[in-house]
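There are 4 protein chains.
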Amino acid sequence: MCGIYDHQDAARFAYFSLYALQHRGQESAGIVTSNGKQVYNQKDMGLVADVFSEETLNKLPGNIAIGHVRYSTTGASNIINTQPLLISHKGKSLAVAHNGNLVNSIELRRDLEQKGSIFQTTMDSEVILHLMAHASDRPFEDALQETLTLLKGAFSMVMMTNDTLIAIRDPNGFRPLCLGKLPNGGYIVASETCALDLVEATYIRDIAPGEVLICRDQQLTSIYPWPPCRSSFCIFENVYFARPDSDIFGINVYQTRKRMGQILARECRIDGDFVMPFPDSGNYAAIGYSQESGIPLEFGVIRNHYVGRTFIQPTQSMRDFNVRVKLNPVRSFLEGKRVIIIEDSIIRGTTGKSRVRSLRNAGAKEVHMLVSCPPTRHPCFYGIDFPSTKELIAAQYEVPAIAGHLGLDSLYYLSLEGMVEATGMTMEDFCLACFNADYPVPPDRSFHKDALGGCGC
Amino acid sequence: MCGIYDHQDAARFAYFSLYALQHRGQESAGIVTSNGKQVYNQKDMGLVADVFSEETLNKLPGNIAIGHVRYSTTGASNIINTQPLLISHKGKSLAVAHNGNLVNSIELRRDLEQKGSIFQTTMDSEVILHLMAHASDRPFEDALQETLTLLKGAFSMVMMTNDTLIAIRDPNGFRPLCLGKLPNGGYIVASETCALDLVEATYIRDIAPGEVLICRDQQLTSIYPWPPCRSSFCIFENVYFARPDSDIFGINVYQTRKRMGQILARECRIDGDFVMPFPDSGNYAAIGYSQESGIPLEFGVIRNHYVGRTFIQPTQSMRDFNVRVKLNPVRSFLEGKRVIIIEDSIIRGTTGKSRVRSLRNAGAKEVHMLVSCPPTRHPCFYGIDFPSTKELIAAQYEVPAIAGHLGLDSLYYLSLEGMVEATGMTMEDFCLACFNADYPVPPDRSFHKDALGGCGC
Amino acid sequence: MCGIYDHQDAARFAYFSLYALQHRGQESAGIVTSNGKQVYNQKDMGLVADVFSEETLNKLPGNIAIGHVRYSTTGASNIINTQPLLISHKGKSLAVAHNGNLVNSIELRRDLEQKGSIFQTTMDSEVILHLMAHASDRPFEDALQETLTLLKGAFSMVMMTNDTLIAIRDPNGFRPLCLGKLPNGGYIVASETCALDLVEATYIRDIAPGEVLICRDQQLTSIYPWPPCRSSFCIFENVYFARPDSDIFGINVYQTRKRMGQILARECRIDGDFVMPFPDSGNYAAIGYSQESGIPLEFGVIRNHYVGRTFIQPTQSMRDFNVRVKLNPVRSFLEGKRVIIIEDSIIRGTTGKSRVRSLRNAGAKEVHMLVSCPPTRHPCFYGIDFPSTKELIAAQYEVPAIAGHLGLDSLYYLSLEGMVEATGMTMEDFCLACFNADYPVPPDRSFHKDALGGCGC
Amino acid sequence: MCGIYDHQDAARFAYFSLYALQHRGQESAGIVTSNGKQVYNQKDMGLVADVFSEETLNKLPGNIAIGHVRYSTTGASNIINTQPLLISHKGKSLAVAHNGNLVNSIELRRDLEQKGSIFQTTMDSEVILHLMAHASDRPFEDALQETLTLLKGAFSMVMMTNDTLIAIRDPNGFRPLCLGKLPNGGYIVASETCALDLVEATYIRDIAPGEVLICRDQQLTSIYPWPPCRSSFCIFENVYFARPDSDIFGINVYQTRKRMGQILARECRIDGDFVMPFPDSGNYAAIGYSQESGIPLEFGVIRNHYVGRTFIQPTQSMRDFNVRVKLNPVRSFLEGKRVIIIEDSIIRGTTGKSRVRSLRNAGAKEVHMLVSCPPTRHPCFYGIDFPSTKELIAAQYEVPAIAGHLGLDSLYYLSLEGMVEATGMTMEDFCLACFNADYPVPPDRSFHKDALGGCGC
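Which chain is which? The protein sequence lines are U, P, W and A, in order.
If you're matching positions, the first sequence starts at 1 in UniProt numbering and goes up one per residue.
If you're matching positions, the second sequence starts at 1 in UniProt numbering and goes up one per residue.
If you're matching positions, the third sequence starts at 1 in UniProt numbering and goes up one per residue.
If you're matching positions, the fourth sequence starts at 1 in UniProt numbering and goes up one per residue.
Keep in mind the hints are simulated off the structure, nothing from the lab.
Since the model is a prediction, treat every value here as computed from it, not as a measurement.
Think of the CB as a built atom: it goes at the ideal place given N, C-alpha and C, for glycine as much as any other residue.
A few of these clues could be false.
As the list claims (entries may be wrong) - Among the chain U residues that face chain P by a calculated CB cut under 7 angstroms, a handful are:
#1 Arg12
#2 Gln22
#3 Glu200
#4 Thr202
#5 Tyr203
#6 Ile204
#7 Asp245
#8 Ile302
#9 Tyr306
#10 Ile312
#11 Asn328
#12 Gly336
The shape of chain U in the complex, shown without the other chains:
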């Protein structure tokens, strides 16, 4: 999710920002721009580089832009549900792009339908537009404040009218959102600092939890519609979701993950021949583990750079083919070795089993796994596309059973305290609900993620 304000190359900057944020959503991509008078719109299913071309970018003139990349979820992955959402109402345009999940959207939607509103999408973000339409006889800021205070849940958002860019972060600040200055004037807001780095913007500060930043008439004004409350940063951004070269919640992701590996080495020392990640998710914790433990780091499996869209079925005899076609075990290296794998997390545990087996088939004598976060036992209602409790392996099984299931000689998870220590912050700063079920904003009774589609980023 990103927004560009007051730059003649707004669409181009939005494009590159989305390109840098591609890891946050691969299902669809969209950009809306305005030249002060008219609003332009391009969105489609697919990766940023596939959705946009010089030709489509040239159809997006203007000096304001918002952009969005969306998750691949099974339920409602179609062109209608791409973001940003754009409407024209009473001759004015309003666009919104949203990262996170509202937990009371079903209730809000029911009320709106009762008043005759027709919904086009299954995304919770559409509720926001209808609330704005119903308040549209009030001045814009009043309508905005009224709408925002009706929302519950996680919502880092960018909104846009013909002449205004608005950046919004919910009072708990679940999802990151930062502000930067573009090299030749103008501003950028983006989910992660890596977007700022790519376009050579200078990081200014994070949008504060509960802040609404309004960019209009070349001025930036902040309003705070909610009473203050404690922050609930999503620690899973640091563990897995954010890009390692980003600074999230004020801390560098690479270094946080490396410290997780170092603390893991202090909590659990294994007698192994070498440490390895499965590329590339555990790379940084693996480096931390290796440096702290003195056990050498090696690349026991090598990522295939040409993995494409192969849909060719293997022959019956080829075991663990789907793993081996992407990750090539270095047979002559693994033979007879005691291997320590560092993983960032285990969610469903579906690929782990055949990954471990492929190491054993290549000759590994022992396979141990260390995970740089605690067991993920509870669903997320705030925008991480976690499976339901039934599919979370750590919600179904104890650690030794998981080790058995994966075919490991041993399995260890980082402690909750160790994980938080690695961030340099405190337990109170974070939402840790997926580890400890302590949900900062209770979801609506009828809340069910699938009904509304996944989050967007």
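Given chain U's structure and the hints, the job is docking chains P, W and A onto it.
Relative to the frame of chain U, chains P, W and A by itself:
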């Protein structure tokens, strides 16, 4: 390049072998199969995964197959020049796939045209088919021997008739070629062992330099048409070209590259804060350097996994954009650091300059580079797609000038002796011509690589 | 526009009906089906044969279907504006496909926006859905009657809920709509009888002006929400728009057009060598003219069957290329001849000029043109995609000036009386507004066709 | 088939010529050009308008061009077999495009393979290139004459070197070939005059049977390598194959076909209500029949202009669907009528049966058919893609049996004398082999059309 003999899934095995060998050629891919009676053929421009589908594979029945992936060269990249080449002559089919370069093909071609032969492609491999056609009144083995002894240069080849698979390696053995046993019976020949690993074949042995292996009537027979000579293995396969999980010329590539890093650390110790590769080419030497020197390994830049076909132009202000869009410098990590980069080789030096500058822009204080081979000063006539002498940076400049050009604080190349030592073999085993101009097979006077297109693999 | 009720192959029958109705709209095509519980939807830009495949049809199960093909208009030709429109409101589905134009939609839309409704499309049909949503606390029939009586203009419509098909024709009956019985049970409604013929349905009767036919629980019930009024059939359907093999408003189109040619021969006898149409629009009137006058019919120009999407520019020297590439003048036939062209209508007059010149260049001595309707001098507000008054050549120029502009030796238009006589009906039965400016339903003051996009069929 | 000489827009003129000749081959299209030094080549499967774009035309510089469109035959429809064929031999380019069939190509090919030649295609045209290559130590004209005198059969050809265009017509002149002058200088040769008309070239004369026209150094020279013999023009060009606006063998096709209809009316008068063609093949004979007999012409079925690539299966109940989807019977017109159909020819008789039945189902009381040529009882060896004797319905059945098979009330074929009379020429001028088995050039014993693919045009 690969061949499958005596397996009902021949096309599928060939497909997966090519998939594993994709790094050896990304321009085009092709497979020819035979069911003993009829020969089938599918080839096109593009990656293996794009050229083939279940549908196209189903059009390739039979239990013999040969496959080929081809390099992207500028001169003659078109559908006509895809391999394997297949002809029908006097009602019999003959197909050939070739890795390497003939150095006397122009001369051979001139003679054939004089006799009325018409050439369809600009590939040297076509010469072989015409020679076979002209000798076609002789028994097949005789025609083959007569043809092969006319050829000079580097040629690992697979040939196929309706009922026979032939694997050929030139007497110097420039390019690798190995033989394996398929899990449920049948044989495979392939350029690298990584193809055997993917299809779970068991490695038997390398095809020997000067060996012609004929697979027919479920029997494997070897003939040796040339007098014995010293081997000239291409050391650049070990340095750069082959996949790290392959064993090439009997040695593991990963471990060889790691030893190159270790020897590099003994030859040149730099006082730096950390060692890093540019992903992924210098990964293995970087591990070796780090372990030998004790200087920690870090990932100072991170490969973008979503690099696609973006052709969107950056704005004028974005410096070194093409590097940064692929490789993300970890700004908060590089800041103020003395960085040691390990590279596998420097050919043209074109990308190096902006890579180094992107590190400095991200805050690096010093940038040193160590290269895990000697300066590459001479063109290759045997199948590595090296630029001409004019474009080889080390042929044009001395090492300090190269360092200056790349913006480095220091630059060091591994010694020729160090490189060979890392392989565990001797100088006599290898072709080192690109480093020392000692060409084992003198090229034809009129030889000019571009005239015939690049090598295939 | 078509609807299928109570047949297991509903989507397939809708597909073939749209295929037969393709001449009524080439911009986009869509089908919505229901199996009683769930509603399915496929639509896209393009021709029917391109939008649908066996695969997409298989995604449209159920025994109720409505389908639509849409005009190509310049203003708002995009995927959002394809029909049928489908919404889900309070858990119930409602779909609508509309042929014609509402003349008070801007007013209705303004009122709805005031109440907070958000519009997704620029089509007048969407107004109908919002009106239904606002009346959704009433029983369905009541809501429907309330909604319909608010509409003014031309609207032949099919509507669909999960279990009901509704066919609607406005009280003036501007656009045709007929009812048929499917060969194996079930019913079909369609804009023209040619759709019934293709699927071998038996024609039952036309939906009457002002009739609302409700198909539910395997019963057909009619209600009549409006007070009776005189009919205003669009005579341009007979002149040009409908397919010649259809019966429209109870009369056969082919024979009507042939009679127009016969009456034309009585009104204006030209001394020419032969009569010819430009294929294929004037074919039937040309036959009538030839038979009545005794002047032989010939094909002076021949339609090129392979006209494709050629965008290749001709060289400068090639005159009237765009005509000649589609219509090949038979040079050796035209040479020295006095040619009588029969046209069905002249709207903009843009292609006529070069068509006439291509005949002269092929050697024609005289070129006369007779048109089988009066001059079209006024815009249509009821669904024929006429240009604005400014672009209607007959609104700008008198007949002799048009003849001069087109390069004709003479030009004659059929009289209004002659045209109506050819139908066998009376002036009172028809809307003749495009000829005589007598508009049966006065348009809204703010009505402007472009604001709402063109009609659909 | 066409050739352009001495015009800077050679490729563009070739493109438009092929566009006009599209009816002669829809399988593939290709153009080769030369700018005097280098030769350029573009060809692909598909229609002319799909194969070429402004972009591809711009890759065809030069002022000489030859072009070709090819038939769709079942045997060998692939990219390899597209024409023009282009080779480079001893550094010189030679391209050939061929319309017709050689009847001794298998023999010639066997001899060439014996000498070591490798064939890439299954087209008889390739034989010509190999013969030229084997004679390439002789001066070009000598090599050409030597090659041509070895060929037997039907061959209208254009050949091209870097600086020369050659147009060749076999001594019997089976296939047409004409010469024209381009509007701004330069020459054109083409299979039919309709290509000249489209590019506004002036017709000069036909290339004479047995003539070889050499265009070089801006001079046109003719040589005549064969002894004179009687001509054998293919009368099927006049009956069916050529475009009606072309003049073929010096006579206009439209008028010839109309005269066939007139003579048909004299030979066989039917008592019917109206005459109709199935659009569009019998249009011209139908006009002749109507004018001569005084029975009115009507369009009893109407061609659907939107017939696309529909592959949707009809439901079981839909009879004769494939006919009705293309040709719409005008039900209210056919009801109770006695219909006289005029057809140009009946080859396999496969579509006729359901065409006739669709008329009966639409209500026709009687259906009579008259064919404007005699029964086609014998295969063609000279380039018309006739089926084998087994598939020719008139070779298998007598006329009354054919009438019964097609469901007709009566069937009549034009007499051989009547057909020839319509041309204004004599029996001696034509090849009438498909009607009377009198083959002017006896085919090779081993000749089998399928072995070599179909003809090209």
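Verification of the hints:
1. Arg12: 6 angstroms, holds
2. Gln22: 4 angstroms, holds
3. Glu200: At 6 angstroms from the nearest chain P Cβ, U:Glu200 passes the 7 angstroms test, so the hint holds.
4. Thr202: Given a least distance of 11 angstroms, the restraint on U:Thr202 is violated.
5. Tyr203: Violated, about 9 angstroms.
6. Ile204: 15 angstroms, violated
7. Asp245: 4 angstroms, holds
8. Ile302: Since chain P brings a Cβ to about 5 angstroms from U:Ile302, closer than 7 angstroms, the hint holds.
9. Tyr306: 4 angstroms, holds
10. Ile312: 6 angstroms, holds
11. Asn328: 5 angstroms, holds
12. Gly336: 14 angstroms, violated
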